[in-house]
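Student: Heads up: the protein sequence lines correspond to chains H and P, in order. Quick note, the first sequence lines up with residues 2 to 331 if you use my numbering. Quick note, the second sequence lines up with residues 2 to 331 if you use my numbering.
I should point out that these hints are in silico values taken from the structure, not numbers from a laboratory. Small disclaimer: the values here were computed from a predicted structure and weren't measured. Please note that the accuracy of each hint is not assured.
A pair counts as met if it fits within one copy or between any two copies, since identical chains are not told apart.
Said to hold, decoys possible - Derived SDA-like pairs: lysine to any residue, alpha-carbon spacing no greater than 25 Å straight-line:
#1 Lys178 / Lys232
#2 Lys263 / Arg144
#3 Lys224 / Arg163
#4 Lys263 / Pro148
#5 Lys263 / Leu302
2 protein chains.
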Amino acid sequence: MGTTAGEPPAVHPAVLFIRRPGAPFSNAMHQRFRVLDSVASGEPLAAFLAAAAAKPDPPRAAVIMGGGVVRADASFLDAVLSIRCLVSTAAGVDHIDLAECARRGVAVANSGTVYSADVADHAVGMLVDVIRRVSAAERFVRRGLWPVQGDYALGSTLRGKRVGIIGLGNIGSLIAKRLEAFGCVIHYNSRGPKDSVAYKYFPDVHDLASESEVLVVACALNKETRHVVSKDVLEALGTDGIVINIGRGASIDEAELVIALKEGRIAGAGLDVFENEPAVPSDLLSMDNVVLTPHSAVFTLESRSDLCEHLICNLEAFFSGKPLLTPVLP
Amino acid sequence: MGTTAGEPPAVHPAVLFIRRPGAPFSNAMHQRFRVLDSVASGEPLAAFLAAAAAKPDPPRAAVIMGGGVVRADASFLDAVLSIRCLVSTAAGVDHIDLAECARRGVAVANSGTVYSADVADHAVGMLVDVIRRVSAAERFVRRGLWPVQGDYALGSTLRGKRVGIIGLGNIGSLIAKRLEAFGCVIHYNSRGPKDSVAYKYFPDVHDLASESEVLVVACALNKETRHVVSKDVLEALGTDGIVINIGRGASIDEAELVIALKEGRIAGAGLDVFENEPAVPSDLLSMDNVVLTPHSAVFTLESRSDLCEHLICNLEAFFSGKPLLTPVLP
Numbered sequence: 002m003g004t005t006a007g008e009p010p011a012v013h014p015a016v017l018f019i020r021r022p023g024a025p026f027s028n029a030m031h032q033r034f035r036v037l038d039s040v041a042s043g044e045p046l047a048a049f050l051a052a053a054a055a056k057p058d059p060p061r062a063a064v065i066m067g068g069g070v071v072r073a074d075a076s077f078l079d080a081v082l083s084i085r086c087l088v089s090t091a092a093g094v095d096h097i098d099l100a101e102c103a104r105r106g107v108a109v110a111n112s113g114t115v116y117s118a119d120v121a122d123h124a125v126g127m128l129v130d131v132i133r134r135v136s137a138a139e140r141f142v143r144r145g146l147w148p149v150q151g152d153y154a155l156g157s158t159l160r161g162k163r164v165g166i167i168g169l170g171n172i173g174s175l176i177a178k179r180l181e182a183f184g185c186v187i188h189y190n191s192r193g194p195k196d197s198v199a200y201k202y203f204p205d206v207h208d209l210a211s212e213s214e215v216l217v218v219a220c221a222l223n224k225e226t227r228h229v230v231s232k233d234v235l236e237a238l239g240t241d242g243i244v245i246n247i248g249r250g251a252s253i254d255e256a257e258l259v260i261a262l263k264e265g266r267i268a269g270a271g272l273d274v275f276e277n278e279p280a281v282p283s284d285l286l287s288m289d290n291v292v293l294t295p296h297s298a299v300f301t302l303e304s305r306s307d308l309c310e311h312l313i314c315n316l317e318a319f320f321s322g323k324p325l326l327t328p329v330l331p
Numbered sequence: 002m003g004t005t006a007g008e009p010p011a012v013h014p015a016v017l018f019i020r021r022p023g024a025p026f027s028n029a030m031h032q033r034f035r036v037l038d039s040v041a042s043g044e045p046l047a048a049f050l051a052a053a054a055a056k057p058d059p060p061r062a063a064v065i066m067g068g069g070v071v072r073a074d075a076s077f078l079d080a081v082l083s084i085r086c087l088v089s090t091a092a093g094v095d096h097i098d099l100a101e102c103a104r105r106g107v108a109v110a111n112s113g114t115v116y117s118a119d120v121a122d123h124a125v126g127m128l129v130d131v132i133r134r135v136s137a138a139e140r141f142v143r144r145g146l147w148p149v150q151g152d153y154a155l156g157s158t159l160r161g162k163r164v165g166i167i168g169l170g171n172i173g174s175l176i177a178k179r180l181e182a183f184g185c186v187i188h189y190n191s192r193g194p195k196d197s198v199a200y201k202y203f204p205d206v207h208d209l210a211s212e213s214e215v216l217v218v219a220c221a222l223n224k225e226t227r228h229v230v231s232k233d234v235l236e237a238l239g240t241d242g243i244v245i246n247i248g249r250g251a252s253i254d255e256a257e258l259v260i261a262l263k264e265g266r267i268a269g270a271g272l273d274v275f276e277n278e279p280a281v282p283s284d285l286l287s288m289d290n291v292v293l294t295p296h297s298a299v300f301t302l303e304s305r306s307d308l309c310e311h312l313i314c315n316l317e318a319f320f321s322g323k324p325l326l327t328p329v330l331p
């Protein structure tokens, strides 16, 4: 990486950078690539892409930020036909049309395991928070109610709780490892059973929910997992059940979740992701049995730095004709 | 326990029950003992104790609730000279004058390990909360700021963090076990090194703080540990340091902690206990880098039930002349 002293500086390859306003990473990128930055351009997306495509050396790679700001689909790829590689800043690639990329032979990489430990930590933190009512007790203290009203309402213990994890990939496995240390009993649903773990496998999410007191959504969002936590699954989880979602908002039927919470048909929820984020259903904002974070499970100072390095390595691999570090489509 | 069918019912022994208003446990106690309940009596403590002492069969045992409502000291023991056994509802017995009890031959039992796992869970939950800014991000979401201001400020990761635990007893050990699963590096201070663990031992709390990014207070409160987290220790912990306290408020010099937080000389704190609870220093109530819970680390539905059984077993052991289950003074 970089230029050896004495060699003439390499011409930096052009890279499209599709990000949200205020999102980081561009500085380090600028040191390695000629960055065509969607936000810095100040142009609407269509005009920005047209200008990029019209350059004498149009970009062959694009970094696409997760979070739904731009969907890399057929019309996106049509707009800049030079693009042969997409690198997602997220582990999930639901914002990239993989079928279309495969058809065109466009390589796709994701963020690999850069975020996994932080997301697992956040998931477990949210579960402790919901079940032990930490944020709710926090509000009670900050409002000055402790001296007035005395003890705060009891939560439940974690030990012995049956936790059903939907999606036992890298993140799900790290959540399981942490929750084992709390004495939880781990069950899981995944595309298939994993030989590497002794946890009980449930081929059906409904059955998993029936056997669980906590349901953790840690799967990728795709056709099969959209609204996988349905009204029926919430019903199966039951009135003492808690839902944690650190995957994607649309893996839960959010409208049904809100109704179940309002009607006390489940006990609580910890949600880092939402179907139409940053919009959060207003009914949730006044509930004491939910913990709501702004898609921040992935964000730490350390993961930001790791991601930056990871993005650059994937792009450098692509430009030097080497295999991507974390290919979703090679 | 209980009466065998056919035998005449045993006369239930009298037990003093010193509790806070609204505190639970009395129902199950009533089934086994003639409970003299400080709250139900409606009398001031002195009158209540005098009335108990004047009974034809005065109580030989007392249950003393933790939380500082009554201190079982020489004047307390003088008021009801029949008392030969004190059972604390807490693991800590800083509300019981042990030297005075020892001098008089009054047996003392605590709550043993009934709460340990729940307290450890809460400590870890608070640490995740502080370091990942969960409660603060929660407020950001509930105030509707996410769509307006975008990404919330980054927290730090847990993995690799050096955590110094003050007091590696039952609770401290369970905290360590959980944090190992998060990839933290555990150091500790205790009365002496423990052969059973491989964590690095620091005989001095100041040195422990110097080598730690997180300091967890999990020790008993006594003369040696009062204000063990002093101004100097906070200084040694440093500007990136986080303090978690699930022990007793007075183990930290609270006034110095507030100053250190205000001046940014430490990064944050998660506090379940306070020097003058339920009073919480008002400066803390507006800080976003602290998490404040109302001495609720011990409280779960399950621990309440376990405690009740544990109290009854200790009392029945005492009344039948058997060894206490969890003696502090035998």
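Student: State for each hint whether it applies.
Tutor: Do the hints match the structure? See the list:
no. : hint            : verdict
1   : Lys178 / Lys232 : neither (29 Å within a copy, 37 Å between copies)
2   : Lys263 / Arg144 : both (24 Å within a copy, 20 Å between copies)
3   : Lys224 / Arg163 : neither (27 Å within a copy, 42 Å between copies)
4   : Lys263 / Pro148 : between (29 Å within a copy, 24 Å between copies)
5   : Lys263 / Leu302 : between (36 Å within a copy, 22 Å between copies)
Going through the hint list in order, the structure does not satisfy hints 1, 3.
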